[in-house]
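Chains E and Y, in that order, give the protein sequences. Under numbering that gives the first Met the number 0, the first residue of the first sequence is numbered 0, with each subsequent residue one higher. Under numbering that gives the first Met the number 0, the first residue of the second sequence is numbered 0, with each subsequent residue one higher.
Read the hints as simulated data drawn from the structure, not as lab findings. There's no promise every hint is true.
Below 35 Å or equal to it, Euclidean Cα-Cα: the simulated DSBU-like pairs (lysine-lysine) are [to be verified]:
1. Y:456 x E:146
2. E:160 x E:235
3. Y:64 x Y:537
4. E:158 x E:146
5. E:286 x E:192
6. Y:260 x E:286
Pairwise CB distance ranges, derived in the manner of DEER restraints [as the list claims (entries may be wrong)]:
7. Y:191 x E:343: 41 to 51 Å
8. E:164 x Y:571: 55 to 65 Å
9. Y:170 x E:347: 12 to 22 Å
10. E:148 x Y:487: 46 to 56 Å
11. Y:452 x E:17: 53 to 63 Å
12. Y:592 x E:333: 48 to 58 Å
Even glycine gets a Cβ: it sits at the ideal position worked out from N, Cα and C.
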Amino acid sequence: MPSISKPVAAHPSLQKNQLGLTIRDYEGAMSTLCAGCGHDSITAAIVRALWELSTPPHMLVKMSGIGCSSKTTAYFVSGAHGFNSAHGRMPPIVTGANAANRGLVYVGVSGDGDSLSIGLGHLCHAIRRNVRMAYVIENNGVYGLTKGQFSASADVGSKSKRGEDNRMSPIDPVMLGLSLGATFLARSFSGDKEQLVPILKAALAHRGFALVDVISPCVTFNDHAGSTKSYLYTRKHAVPLTETDFVPGAQEIVAQIGANESTSVTMHDGSVVRFRSVPKDYDPTNKAAVLECLQDHQNRGEIVTGLLYLNETAPDIHELNQTPDTPLVDIPFEQLCPGSSALDALQEEYR
Amino acid sequence: MHALGNQRINDFAFKLANVNGTGSASANGLLMQAIFRMGIPVSGKNLFPSNIQGLPTWYEIRVNKDGYTARALEYDLMVAMNAQTYARDIREVRSGGYVLYDSSWPLDPTLSRDDAQFLGVPLARMCNENFRDSRERILMKNIAYAGALVAILDIDMAIVEQLLDERFASKKALRESNTRALMLGYEYAREHFDCPLPFRLERMNANADKILIDGNTAAALGCVYAGATVAAWYPITPATSVMDAFKEFCERYRKDPTTGKNNYVILQAEDEIAAIGMVIGAMWNGARAFTSTAGPGISLMNELLGLAYYAEIPVVVIDVQRVGPSTGMPTRTQQADILECAYASHGDTKHILLFPANPAECFEFAPHAFDLAERFQTPVIMLSDLDIGMNDWVVPRLRWNEAYRPDRGRVLDSEELQAITTFQRYMPENGSAVAARTLPGVHPNGAYFTRGSGHNKFGGYTEVPDEYQEVIDRLLLKHRSAAPSIPAPVIESRPAARFGVITTGGCDLAVREALDLLDRNGTPAGYMRIRGFPFSDKVANFIDRYEYCYVVEQSRDGQLRTLILNETSAGKEKLRSIRSYGGFPLSASQVISGISSYVEAKVAVYL
């Protein structure tokens, strides 16, 4: 119930970011999700990532579709503009918003129903357009608000709360992203904030579409024995493949700590993503190698987590469309309207 | 030469029957443009199939010195270039008319008619003798029949030469072969026929301040002038050329001269749902954005039109109507999206509609559409149709008012936001039904949460009946309050008129021609062309003035009539219905026979 607001009483000892804001300034309305919902942990990670990045709240746009996950955009950064749109339709809405104003920071929060069923086509095309945004899928394999139907990410053999087996193969957003030419693909677990926060920061700094698939157990409809998206199952089967440090450009000095040059990627804005504990021969910029590695682990029934693939060189939506650095919304009308003399001249061609 | 006394000058219609994909469009366009440049009122209607190559296609040209250029159903001349459709084409010529055909092969004697004259021109044979390349032989046949028409209709050869010069300015070889083909037909006709025919052309000066343009091009140009920077679309006949034209104009007028960057984005979406979503996102962010589509696209956009309506986000949609339902007939015209657009989406929704009647209004209404959308923070759908959108029309030169500045509606700027502590998104301002909005990134005090779920006037989520109703009731008031800002209906009163005739959009020319004919026969009638929805009071006042009115439109179910019945106090018995919905543009004779059938029946058939 967003109408119930928590008092923002910042304790004097709370740390401040570059804007002089505490983490409380990045919080939102009180969550209405079930106690223990994985989504709330992701919300907390988003709050931390944005605070650590010192993103000005009013320069942030929070977009979502419909579903439990999509509700969470109300639960972080109440000083940002939010848009809880229609089921599955968030990607085109962000695409248009981003096309109009490239000067804002875009976070999309979606779920597996929203992104992998009703909105799957839109997600694919937002990836292809390389819309500059962090796109978080809060993936629990189940429809919560409609009480427990399988979603398209439910694994083969996963049991519903009513005891039915899922026998159709799941859609894996990371594999899908690889095949579509995605430029940033990560997977994490809502219970692993240490891994998730730097991934989200890197996603927010990425110049292009950053897909972050977060396994997020549904405590009400998908946390039972037989589920492959429960807390227990995920903790048992998650394999952190890469560990990521995100080093903002302004804090270059930190990068000295044990940096492994061969697995560092410099982001477009000068910040650095540094991969720690990367398995031998794993190159997060080599699509073929990433695909092979992911398939290997999948065959072993493991859920690979980490920042798995990154391409900082592909053109984003604005480069593809050759738009100016000035956001289109800021171009004065006088520059957009050709005027009456141009109209007179043009009409000579229509004679 | 035929006896001068029998000559009909600048008043006839002819039809060209072709095979799709053989290059006939270029020759037919040349003829139409030449007649336009002769200063004669003219219209050209392309009646084409949903096909790339092979199916029959027709082009009709009507010239009329008095300016009646709606579709004519009587053809004085048939240019029969498609053997597959000879039988029906030859049948369509009026008694006493002419058929020009390719006499390279003998005409089936069973097709012959005693009451029509046949002009055989061996087009294929002449082209085969004069051109080597097989593709060229096919293409040049079209220019050759154009040459024959120049001779038999007295089209000004100097103008045709000039047009060829312009078209092939940089293609000398093509210019030469076109001239050669043109002269083949021209000279053959001069030699073998009594030129010109009893109906012919003569220069006039009716087009000095006119242009020849299609509605899709004009609408796109209007969007450029309105300052649209984001366009999203999915390819669909007959709306595709809106975006083709928008792209062309943007490349011309919207490239930054120093950086070469594009001051626009055109997004070819994955479907119409995405296209409208992109428009919503862009306009939510403060840009002027639009999409162009046809009926099937509107069906898909229903969901998000409801979101834009309820969350109060401006949206501009150009719907170039085609024949439905379902895929229907994609290359044929209709006005059957009216109800779908008026009430698009589930729940209680009502949208602002604009009904342009010709390309000039497509241009003029485009900036209106953006102004209305932003002022009333709601979707605006401009309903053009295939006839307006894809055919070339002779319209007055487009004018642009240099003083025009976009009406952005109530958008709080940084200073205004600085002065307030809490922004309440859906709180109406001083007696207006419109609430102020804010744009992302402008000021921290402007942040709010947009949602398609139940919300109260503060912008918060609600499931409380009173809070929900307060907002949804204001939306109804807001829609009504837009009525005075919608382009007013065009009303032409006639003294002693016994009844009124109401119509909309592209029916305009045919209905006005019919009313002039009726007037001359002693049956004057009042005329009203509705140009938008919600209806202004003028609509109801017009209906009140008459004992009964005819509503002339192009849908099976009489959708305009239904909208009037639903949105005014007019009674069913007062509104008689005349409908033409087979897919071709309306003609005056259909209007007259519609009215006559009511009169003959002496009883109204109510729907």
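Structure-based check of each hint:
1. Between residue 456 of chain Y and residue 146 of chain E, the direct Cα distance comes to roughly 30 Å. Compliance with the 35 Å bound is thereby established for this hinted pair.
2. Using a Cα cut-off of 35 Å, the hinted pair residue 160 of chain E and residue 235 of chain E holds, with the two alpha carbons roughly 20 Å apart.
3. About 33 Å separates the Cα atoms of residue 64 of chain Y and residue 537 of chain Y, which keeps this hinted pair within 35 Å; it holds.
4. At most 35 Å may separate the alpha-carbon atoms for a hinted pair to count; residue 158 of chain E and residue 146 of chain E meet this at roughly 14 Å.
5. At most 35 Å may separate the alpha-carbon atoms for a hinted pair to count; residue 286 of chain E and residue 192 of chain E meet this at roughly 26 Å.
6. With a CA separation close to 32 Å, the supplied pair residue 260 of chain Y and residue 286 of chain E stays within the 35 Å bound.
7. Take residue 191 of chain Y and residue 343 of chain E: their Cβ atoms lie about 45 Å apart, and the range 41 to 51 Å holds.
8. In this structure, residue 164 of chain E and residue 571 of chain Y meet the distance hint of 55 to 65 Å, their C-beta atoms being roughly 58 Å apart.
9. One distance hint, 12 to 22 Å for the beta-carbon pair residue 170 of chain Y and residue 347 of chain E, holds here, with the actual separation near 21 Å.
10. One distance hint, 46 to 56 Å for the beta-carbon pair residue 148 of chain E and residue 487 of chain Y, holds here, with the actual separation near 52 Å.
11. The hint said 53 to 63 Å for the Cβ distance between residue 452 of chain Y and residue 17 of chain E, and at roughly 35 Å that hint is violated.
12. As the Cβ distance of residue 592 of chain Y to residue 333 of chain E is approximately 53 Å, the hint placing it in 48 to 58 Å holds.
In summary, the one numbered hint that this structure violates is 11.
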